[in-house]
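Please arrange chain B on chain A, whose structure you already have, making use of the hints.
Line order of the protein sequences matches chains A and B.
Its first residue numbered 74, the first sequence is counted upward by one per residue in the numbering used here.
Its first residue numbered 444, the second sequence is counted upward by one per residue in the numbering used here.
No more than 30 Å apart at the CA atoms, straight line, and that leaves these computed lysine-lysine pairs for DSSO-like:
#: 1; chain 1: B; residue 1: LYS459; chain 2: A; residue 2: LYS194
#: 2; chain 1: A; residue 1: LYS85; chain 2: B; residue 2: LYS575
#: 3; chain 1: B; residue 1: LYS555; chain 2: A; residue 2: LYS91
#: 4; chain 1: A; residue 1: LYS189; chain 2: A; residue 2: LYS179
#: 5; chain 1: A; residue 1: LYS212; chain 2: A; residue 2: LYS91
#: 6; chain 1: A; residue 1: LYS124; chain 2: B; residue 2: LYS621
#: 7; chain 1: A; residue 1: LYS200; chain 2: A; residue 2: LYS189
#: 8; chain 1: A; residue 1: LYS98; chain 2: B; residue 2: LYS461
#: 9; chain 1: B; residue 1: LYS494; chain 2: A; residue 2: LYS194
#: 10; chain 1: A; residue 1: LYS212; chain 2: B; residue 2: LYS474
#: 11; chain 1: A; residue 1: LYS200; chain 2: B; residue 2: LYS494
#: 12; chain 1: B; residue 1: LYS629; chain 2: B; residue 2: LYS521
#: 13; chain 1: A; residue 1: LYS167; chain 2: B; residue 2: LYS473
#: 14; chain 1: A; residue 1: LYS85; chain 2: B; residue 2: LYS572
#: 15; chain 1: A; residue 1: LYS179; chain 2: A; residue 2: LYS167
#: 16; chain 1: B; residue 1: LYS461; chain 2: A; residue 2: LYS194
#: 17; chain 1: A; residue 1: LYS167; chain 2: B; residue 2: LYS494
#: 18; chain 1: B; residue 1: LYS481; chain 2: B; residue 2: LYS494
#: 19; chain 1: B; residue 1: LYS551; chain 2: B; residue 2: LYS575
#: 20; chain 1: B; residue 1: LYS473; chain 2: A; residue 2: LYS172
#: 21; chain 1: B; residue 1: LYS568; chain 2: B; residue 2: LYS555
#: 22; chain 1: B; residue 1: LYS551; chain 2: A; residue 2: LYS98
#: 23; chain 1: B; residue 1: LYS562; chain 2: A; residue 2: LYS91
#: 24; chain 1: B; residue 1: LYS459; chain 2: A; residue 2: LYS98
#: 25; chain 1: A; residue 1: LYS79; chain 2: B; residue 2: LYS574
#: 26; chain 1: B; residue 1: LYS474; chain 2: A; residue 2: LYS172
#: 27; chain 1: B; residue 1: LYS494; chain 2: A; residue 2: LYS83
#: 28; chain 1: B; residue 1: LYS459; chain 2: A; residue 2: LYS200
#: 29; chain 1: B; residue 1: LYS481; chain 2: A; residue 2: LYS179
#: 30; chain 1: A; residue 1: LYS127; chain 2: B; residue 2: LYS621
#: 31; chain 1: B; residue 1: LYS494; chain 2: A; residue 2: LYS98
#: 32; chain 1: A; residue 1: LYS167; chain 2: B; residue 2: LYS459
#: 33; chain 1: A; residue 1: LYS130; chain 2: B; residue 2: LYS525
#: 34; chain 1: B; residue 1: LYS473; chain 2: A; residue 2: LYS179
#: 35; chain 1: B; residue 1: LYS494; chain 2: B; residue 2: LYS575
#: 36; chain 1: B; residue 1: LYS484; chain 2: A; residue 2: LYS194
No lab work stands behind these hints: they were computed from the structure.
Residues per chain are reported as follows:
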Amino acid sequence: MNNIGKLFSKVKDLIYTKFGPNPAKMLIVTGVLGWALSSAAQVVAIVVNDKIPKEQKMFLIPQEILDGAINVASFFLVTTTLKNFASKLVSSGKIANTKIRNFLNKQNLIDANGQKLIVGKNLNIEKLPNFSEIADDYKEFKVGTDVIGMTIGSILSCNIITPVLRNKLAAKRQNQYLAQTRKTDLTTLPRVSMDAYRNISAAKFGSLKV
Amino acid sequence: MSNINCINFNNFSRYKEKATQFALGLIGTKKNPNITIKSDKANRTISWIGKNLSSAENRLILGATALMTQPFIDASNKDVDKETRKISICRTVAKIIAGTVTGYTIRKLCIKSIDAFTKLPGEIKPDMKFKKLRTLLTPNNGKCLANELAQYKNALGTIMALVVMMFTNFLIDAPLTKYLTNLFAKRGGVNNEQHR
Chain A
74 MNNIGKLFSK VKDLIYTKFG PNPAKMLIVT GVLGWALSSA AQVVAIVVND
124 KIPKEQKMFL IPQEILDGAI NVASFFLVTT TLKNFASKLV SSGKIANTKI
174 RNFLNKQNLI DANGQKLIVG KNLNIEKLPN FSEIADDYKE FKVGTDVIGM
224 TIGSILSCNI ITPVLRNKLA AKRQNQYLAQ TRKTDLTTLP RVSMDAYRNI
274 SAAKFGSLKV
Chain B
444 MSNINCINFN NFSRYKEKAT QFALGLIGTK KNPNITIKSD KANRTISWIG
494 KNLSSAENRL ILGATALMTQ PFIDASNKDV DKETRKISIC RTVAKIIAGT
544 VTGYTIRKLC IKSIDAFTKL PGEIKPDMKF KKLRTLLTPN NGKCLANELA
594 QYKNALGTIM ALVVMMFTNF LIDAPLTKYL TNLFAKRGGV NNEQHR
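So that you can see chain A by itself, here it is in the shape it has in the complex (with noise of 0.2 Å):
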């Protein structure tokens, strides 16, 4: 009993100390088990359902599988990618609010190898020396920046790149899955109309987002 409480104590704190001071990386973790979960949900959804045929089945879980895996990678590449880019313009102040400018115009940008430093290119703000005078403006500005990368990932991936895979994917599977059935001896099993496959594509390809 005494374990349990200290694993639910460890895992408190393991979410505090990773997503407390980064919200976006929340929003992306979070995101990211959102679609993982409702593509397994529709997975199940398939499993139980005894209105679709075996033969169906067979074809139908494997291809959600792939389905949710194309989501979860598509929403974690774009996402992460632009969050981070979002990152790199802040600390290498290509963009910047007035007090971080003030800050940096009064540097002198060279490292410790006396290597000039150049502002949108090799500079890391939080590795300035005097970095502590300007750490909360600068906190407070990096971390509305990463929401704001994260949140256009997140709009590209899920509004943009995901429904054109999806649609691509679905036209594809389509004509296989019609190919599939002209090949079968129709006579031995449970024949599939156009309106049936076109009934459980619309109720799967539309991945229903959590």
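This is chain B only, laid out in the frame that chain A set:
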């Protein structure tokens, strides 16, 4: 083998760095290569977004922008016939509305309920009920920074919402989507009988 992996990884890092530098170069103009946000309002907005944009607001933004893009993506999908295209637009709009309304509401409610049990010791008032449970989910033995604690509540609330939505997906979203699809199809004069 390890050498090959190492080389590939180094190459990947180099390409990533080059791509980042290229993208950074696209920001700004020749005259003003670096951007300074001088407006107080803009700076306050950026700061507000960092502090207050939880997964619920993110879901709302996604829903609103989805309405602006996804129906048009479906409308331009030439891989399916005209009738399927029409019904898929109705279904997409219905799904966005149903998913956004339930997604936003459940996330907000879960974050609020997590907040009720993530109080700092100083926040517990004498007239509060279930005083012992109020700190049940408080992390770090109550030694927390306000902003970071708010993000922690958002994270925990979102995780709870995801579990809840595993069920509401079927109990609310799916029937609501079906109802709205039929409604839009009827209003738009689409023959939806064969898709029911």
